[in-house]
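Starting from the known structure of chain P, fit chain G onto it as the hints suggest.
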Amino acid sequence: DGGITQSPKYLFRKEGQNVTLSCEQNLNHDAMYWYRQDPGQGLRLIYYSQIVNDFQKGDIAEGYSVSREKKESFPLTVTSAQKNPTAFYLCASSIEGETDTQYFGPGTRLTVL
Amino acid sequence: AQSVTQPDIHITVSEGASLELRCNYSYGATPYLFWYVQSPGQGLQLLLKYFSGDTLVQGIKGFEAEFKRSQSSFNLRKPSVHWSDAAEYFCAVLRAAGNKLTFGGGTRVLVKP
Chain P
37 DGGITQSPKY LFRKEGQNVT LSCEQNLNHD AMYWYRQDPG QGLRLIYYSQ IVNDFQKGDI
97 AEGYSVSREK KESFPLTVTS AQKNPTAFYL CASSIEGETD TQYFGPGTRL TVL
Chain G
24 AQSVTQPDIH ITVSEGASLE LRCNYSYGAT PYLFWYVQSP GQGLQLLLKY FSGDTLVQGI
84 KGFEAEFKRS QSSFNLRKPS VHWSDAAEYF CAVLRAAGNK LTFGGGTRVL VKP
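Chain order of the listed sequences is P and G.
Under the numbering used here, the first residue of the first sequence is numbered 37, with each subsequent residue one higher.
Under the numbering used here, the first residue of the second sequence is numbered 24, with each subsequent residue one higher.
With the rest of the complex left out, here is chain P (with noise of 0.2 Å):
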């Protein structure tokens, strides 16, 4: 089956520690992108990358990284930085970057106690 995944599901992290969340897709697309939502606020764009190793911040940029050595990997990095960590994570991908579909994978609930 193609699709998206996110692991894990669930994190726990302790306040100053970075955290790597990983998005993994099969689908062959040349975009992927990173969410991020609080409850009652829409999506807002951490990050995204329309082709492999190359990527650009979206609208929240600050207190993560990310990287795209492999067209079906971008993994995000909450570091220590960004100050409210506590969300869930959404990871999308598209075919290619412009005017495309997003498809999204399951999500990460990201919380630092």
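Just so you know, these hints were derived from the structure itself, not from any lab.
Treat the hints with caution; some may be incorrect.
Said to hold, decoys possible - Facing chain G, from chain P, some residues (calculated, C-beta under 10 Å):
id : residue
1  : G52
2  : Q77
3  : R80
4  : Q86
5  : D95
6  : G99
7  : L126
8  : C127
9  : E132
10 : F140
11 : G141
For each residue, glycine too, the CB sits at the ideal point set by N, CA and C.
Then chain G, alone, in the frame of chain P:
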């Protein structure tokens, strides 16, 4: 800048009744519009999208949406809701540059037996 407003935070509807979710957007050109649905703790699933052409768009699960340029609206409808339609629904518009989505705040739908 593009923006999306979903005026209703919560809607409660009886099973078998009709449902309409409102979405208003702010965008200078012809927008590309999407409706997604999210079950609790899950990722987003695409219900339907409008790029051009017929302003009445059919989607999955019996949903449809109508694009009205004069009202800057893209409301989602379903003639008869099922208990499984209880979820959160997000309207989104594609931004002018790059394949980046701007989401509304979401509408949570509760279905009464």
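Requested in this report: Against chain G, run the beta carbon of P/R80 and see if the smallest gap drops under 10 Å.
Outcome: Nearest chain G Cβ about 8 Å off; hint holds.
Query raised in the report: Measuring from the C-beta of P/C127 to each C-beta in chain G, is the shortest one below 10 Å?
Result: Holds, because the Cβ-Cβ distance from P/C127 to chain G comes to roughly 8 Å (cut-off 10 Å).
Query - P/L126 as an interface hint toward chain G, with CB separation required under 10 Å - result: holds, 6 Å
**Report entry** Restraint check, 10 Å cut-off on beta carbons, for P/G141 near chain G
**Finding:** holds, 5 Å
**Report entry** Interface hint status, P/G99 versus chain G (Cβ within 10 Å)
**Finding:** violated, 19 Å
Query raised in the report: Is the interface hint for P/E132 satisfied, with its Cβ closer than 10 Å to some Cβ of chain G?
Result: The hint holds - P/E132 has a Cβ within 10 Å of chain G, the shortest such distance being about 7 Å.
Query - P/D95 as chain G interface residue, shortest Cβ-Cβ below 10 Å - result: For P/D95, the interface hint holds, since the closest Cβ of chain G sits about 9 Å away, which is under 10 Å.
Query - Proposed interface contact between P/Q77 and chain G, which counts if any beta carbon pair is under 10 Å - result: It holds, given that the least Cβ distance between P/Q77 and chain G is near 6 Å, below 10 Å.
Query raised in the report: Taking the least C-beta to C-beta distance, is P/Q86 closer than 10 Å to chain G?
Result: Cβ of P/Q86 sits 7 Å from chain G, so the hint holds.
Query raised in the report: Against chain G, is P/F140 within 10 Å by beta-carbon distance?
Result: holds, 4 Å
Query raised in the report: Going by Cβ atoms only, is P/G52 closer than 10 Å to chain G?
Result: Since the shortest Cβ distance to chain G is 27 Å, the answer is violated.
The structure fails to meet hints 1 and 6 from the earlier list, while all remaining hints are met.
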